[in-house]
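Using the sequences and the hints given, assemble the complete structure.
Protein chains: 2
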Amino acid sequence: MKDASSRFRELRERLTHFHSLNTAAGLLEWDMEVNMPRAASEARALQFSAVTKAAHEVIVAEETGHLVEELAPAAAAAPADDAMAAAWRWTEREYRRRRNQPVSFVEELAAHTARAQEVWVEARSRKDYSLFRPELEKMVELKRRQAGFVGDFADPYDAWLEEFEPGMTTSSIEKLFAGLKPGLVDLVSRVSERAGSVRLPELKGSFPVDRQRVFGEEVARAMGFDFERGRLDVSAHPFSATIARDDVRLTTRYREDLPLSSLFGIMHEAGHGLYEQNVSDELTHTPLCHGSTMAVHESQSRLWENLVGRGRGFWKRFAPRFHEMFPAAAGLDAEALYRAANKVERSHIRVEADELTYSLHVMLRFDLERALVSGKVKAGDLPDAWAAKSKEYLGIVPPDAAAGVLQDVHWSAGLLGYFPTYAVGNMISVQLFEAAPKTEDYSVLLGWLRENVHRHGRKFHAEELVRRATGKPISPEPYLRYLKTKFGELYGL
Amino acid sequence: MKDASSRFRELRERLTHFHSLNTAAGLLEWDMEVNMPRAASEARALQFSAVTKAAHEVIVAEETGHLVEELAPAAAAAPADDAMAAAWRWTEREYRRRRNQPVSFVEELAAHTARAQEVWVEARSRKDYSLFRPELEKMVELKRRQAGFVGDFADPYDAWLEEFEPGMTTSSIEKLFAGLKPGLVDLVSRVSERAGSVRLPELKGSFPVDRQRVFGEEVARAMGFDFERGRLDVSAHPFSATIARDDVRLTTRYREDLPLSSLFGIMHEAGHGLYEQNVSDELTHTPLCHGSTMAVHESQSRLWENLVGRGRGFWKRFAPRFHEMFPAAAGLDAEALYRAANKVERSHIRVEADELTYSLHVMLRFDLERALVSGKVKAGDLPDAWAAKSKEYLGIVPPDAAAGVLQDVHWSAGLLGYFPTYAVGNMISVQLFEAAPKTEDYSVLLGWLRENVHRHGRKFHAEELVRRATGKPISPEPYLRYLKTKFGELYGL
Numbered sequence: 000m001k002d003a004s005s006r007f008r009e010l011r012e013r014l015t016h017f018h019s020l021n022t023a024a025g026l027l028e029w030d031m032e033v034n035m036p037r038a039a040s041e042a043r044a045l046q047f048s049a050v051t052k053a054a055h056e057v058i059v060a061e062e063t064g065h066l067v068e069e070l071a072p073a074a075a076a077a078p079a080d081d082a083m084a085a086a087w088r089w090t091e092r093e094y095r096r097r098r099n100q101p102v103s104f105v106e107e108l109a110a111h112t113a114r115a116q117e118v119w120v121e122a123r124s125r126k127d128y129s130l131f132r133p134e135l136e137k138m139v140e141l142k143r144r145q146a147g148f149v150g151d152f153a154d155p156y157d158a159w160l161e162e163f164e165p166g167m168t169t170s171s172i173e174k175l176f177a178g179l180k181p182g183l184v185d186l187v188s189r190v191s192e193r194a195g196s197v198r199l200p201e202l203k204g205s206f207p208v209d210r211q212r213v214f215g216e217e218v219a220r221a222m223g224f225d226f227e228r229g230r231l232d233v234s235a236h237p238f239s240a241t242i243a244r245d246d247v248r249l250t251t252r253y254r255e256d257l258p259l260s261s262l263f264g265i266m267h268e269a270g271h272g273l274y275e276q277n278v279s280d281e282l283t284h285t286p287l288c289h290g291s292t293m294a295v296h297e298s299q300s301r302l303w304e305n306l307v308g309r310g311r312g313f314w315k316r317f318a319p320r321f322h323e324m325f326p327a328a329a330g331l332d333a334e335a336l337y338r339a340a341n342k343v344e345r346s347h348i349r350v351e352a353d354e355l356t357y358s359l360h361v362m363l364r365f366d367l368e369r370a371l372v373s374g375k376v377k378a379g380d381l382p383d384a385w386a387a388k389s390k391e392y393l394g395i396v397p398p399d400a401a402a403g404v405l406q407d408v409h410w411s412a413g414l415l416g417y418f419p420t421y422a423v424g425n426m427i428s429v430q431l432f433e434a435a436p437k438t439e440d441y442s443v444l445l446g447w448l449r450e451n452v453h454r455h456g457r458k459f460h461a462e463e464l465v466r467r468a469t470g471k472p473i474s475p476e477p478y479l480r481y482l483k484t485k486f487g488e489l490y491g492l
Numbered sequence: 000m001k002d003a004s005s006r007f008r009e010l011r012e013r014l015t016h017f018h019s020l021n022t023a024a025g026l027l028e029w030d031m032e033v034n035m036p037r038a039a040s041e042a043r044a045l046q047f048s049a050v051t052k053a054a055h056e057v058i059v060a061e062e063t064g065h066l067v068e069e070l071a072p073a074a075a076a077a078p079a080d081d082a083m084a085a086a087w088r089w090t091e092r093e094y095r096r097r098r099n100q101p102v103s104f105v106e107e108l109a110a111h112t113a114r115a116q117e118v119w120v121e122a123r124s125r126k127d128y129s130l131f132r133p134e135l136e137k138m139v140e141l142k143r144r145q146a147g148f149v150g151d152f153a154d155p156y157d158a159w160l161e162e163f164e165p166g167m168t169t170s171s172i173e174k175l176f177a178g179l180k181p182g183l184v185d186l187v188s189r190v191s192e193r194a195g196s197v198r199l200p201e202l203k204g205s206f207p208v209d210r211q212r213v214f215g216e217e218v219a220r221a222m223g224f225d226f227e228r229g230r231l232d233v234s235a236h237p238f239s240a241t242i243a244r245d246d247v248r249l250t251t252r253y254r255e256d257l258p259l260s261s262l263f264g265i266m267h268e269a270g271h272g273l274y275e276q277n278v279s280d281e282l283t284h285t286p287l288c289h290g291s292t293m294a295v296h297e298s299q300s301r302l303w304e305n306l307v308g309r310g311r312g313f314w315k316r317f318a319p320r321f322h323e324m325f326p327a328a329a330g331l332d333a334e335a336l337y338r339a340a341n342k343v344e345r346s347h348i349r350v351e352a353d354e355l356t357y358s359l360h361v362m363l364r365f366d367l368e369r370a371l372v373s374g375k376v377k378a379g380d381l382p383d384a385w386a387a388k389s390k391e392y393l394g395i396v397p398p399d400a401a402a403g404v405l406q407d408v409h410w411s412a413g414l415l416g417y418f419p420t421y422a423v424g425n426m427i428s429v430q431l432f433e434a435a436p437k438t439e440d441y442s443v444l445l446g447w448l449r450e451n452v453h454r455h456g457r458k459f460h461a462e463e464l465v466r467r468a469t470g471k472p473i474s475p476e477p478y479l480r481y482l483k484t485k486f487g488e489l490y491g492l
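From first to last, the protein sequence lines are chains A and B. The first sequence finishes on residue 492 if you use numbering that gives the first Met the number 0, and the numbering steps up by one all the way, no holes. The second sequence finishes on residue 492 if you use numbering that gives the first Met the number 0, and the numbering steps up by one all the way, no holes.
Please keep in mind that the hints were generated in silico from the structure rather than gathered at the bench. Mixed in with the good hints, there may be bad ones.
It does not matter which identical chain is used: a pair holds within one copy or between any two.
Said to hold, decoys possible - In silico SDA-like links for lysine to any residue, alpha-carbon gap of 25 Å or less:
1) K485 x P319
2) K1 x S103
3) K483 x E117
4) K390 x A370
5) K485 x L141
Given below as structure tokens:
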């Protein structure tokens, strides 16, 4: 029998092969959103499916199972921050999750997902939930069955969570949300009362798109995003894509009347991008060479978007350049720009929500996903349950299904268990920001994040990473305290 | 045993799987030239190798061999233009060529190619052939060995040709070149003598790059290139890439002082692109959904670049718009622009050669490749042999190796047997152009090409395709006659 270190090398080669195929599939997706003529969708679907199938086969191969089995003792004996031990942990999970789903089930789920997404688009455009209801019912049932395949979980929701937030459980999320919800609902309610009398300034006028692009790039560069190892392009929906550690691509969209929308979009995606660009060399060309869990990733995008970009210091620094680029903003000084960037408004659409109300949208979806998986709410009753939760958390009720239960792509895409990571990411963003040096020199901030978060790639899950970086467990209190201070001051509470 | 039609369906599915992976690899290459940050080269090489390996495995799988064997009788009995029979012929060749090369040999050749390309770049920049000589020696030896693996060929050069120009043999190419060379050498010599006294007009001044782009797109659109199913981008070296039948991508490069360089580059690549965009539906999503052989493909790019773009009719049509876009060209009327586009100059670099001398560069390389494979010329004697041939064909001797034996990428890339297809493509371009309706309405010309060439994809090899389209075999005479007429008139012979 070969020694562990040579078997670890074999594992690493296998992971590099998987990663190369997987990131090639990532390029197919990026290109589809940025460059591809629409006429080529059918060919692109075939290409994507062929490359992801090849990647999948590398993981589910019997040899992967042998490596996982043989290397278990060595991985368990290694220090937690050992790159090979981390690779083993990643492989064990992927192998277990993928290998135990029967091929026929995987195909059924893929076919249903394709169908559900088509129906969802149609249902949303018609604002008719009844069209989508049977698809959602079937999706929940398939995802429940999937949970049974992928591991031995007390609650199917734990199996869903493991896909996006390994290391966390339903009950750990419930605990975090229980610590956030009452205080946040109360704060939103009080700010909303004040919002009638406290009018924050607004940016009005024309903000030429090519100047928005230049300004956005300048800000991303100031954050430390390396354009020698990345790009910024345009797509219908902003996203970031890691084609390689040294090829990280951001996208945004521009509207001439909404300069802050593209700016914060760029800062958000650049936050994700910085994470991916700064993983350490020892992890490159492997699946560990990505940001850790979804919550940690979101902590990075939110940190730059909200704690930096929607902060006073940012506007003090960038107001002169903003005025130079956009004469329409001449009437707003740095303080006014800061205030304009922080307007609170209770609204229906999560992706357009302000910093204060955002996490309530997420908790609403978490509650409903939990109710769906436990059977407490049937798919047919979802619009009513949504309305009730929205009233309870945000004080408003959506006028139609497109502004409510049909607004997100996640459920049609089978991404159940994804939502809570957004709110946990918000909590982590504040904890990290408060542990980092207080400075408006972003290279110092980035240096701290690189050392404490980025370089580790996927070595640690959220809890372990936050403990190492801050000395404390993940907690909602710093986040709530931060929101109370910031919005209390803005709205004179 | 299953019936042939159900086995043909299995073959088609297998080919679609291969084609999807192969065109995904094509996107990796396109993106590398157009978008990728240079820092990501190492990751991109891993991605490209992983995806092409997956594609290769689809072809060399035992099941492919079974399909080829079982379907041989049905394919032989089908009409020549049957899509499935053509798919069988393609698969038989690919399976035979790939399957019979030992994995260790394929790896050795790939490793040597990577090394040879690096050394070639260095040698060319230093103008020092002695650096590259051992790499070329080894490349010729490896390619000779490869010829032994891939089939039962009388001459190793036939095996090399089959990769790029299946259906043609060394002797058929020799016959074509024998019919072209004496007349062409004589014509070039007589035109060169006259070129001292007959001065054709020249375009001088500034031609803004963004206007070159607009004009080039207008011309490509006038040719019939469908921008709803394709793109035009910028890269260091112009090329065209077929990501899908409905996603055909052209690239060019711009120099402010050379508007004809980007224009003819775009017309050349759009000629390739039109071919790929107009393959019939029955072949989409398979490897048959590409232009036929390299020679036929080159006939399409050359037809649009030279017979259309360097023709009098083109300049009559486009001179007004050209003047509108480029004030610097105001002094040259349509006839002068036509003449400026057709200046002849004996020069050393093939890719910069004019229409008249181009094929002589190609024949020189064919002669030297033949001499290398037969052993008549050793790698060490190549610069002398090059100088002698260059003197004989073009009347000039390169001043250094960078302008001679080191100028092309082909030999370092292992593309021996590729060159002759360029000259055969020139011959075919004239034969097809003369068989097509005489018109300046490009939609009529494109319609004829679509019907007689494009729609067939890879169903037929060059000889069969030309016979079907023109009723005649491939021949050098129309090409030579066309050159004599055109350049005789331009240079007053």
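Note to self: Of all the hints numbered above, which does this structure not satisfy? Sort the numbers upward.
What the structure shows: Result: hints 3, 5 break, sorted rising.
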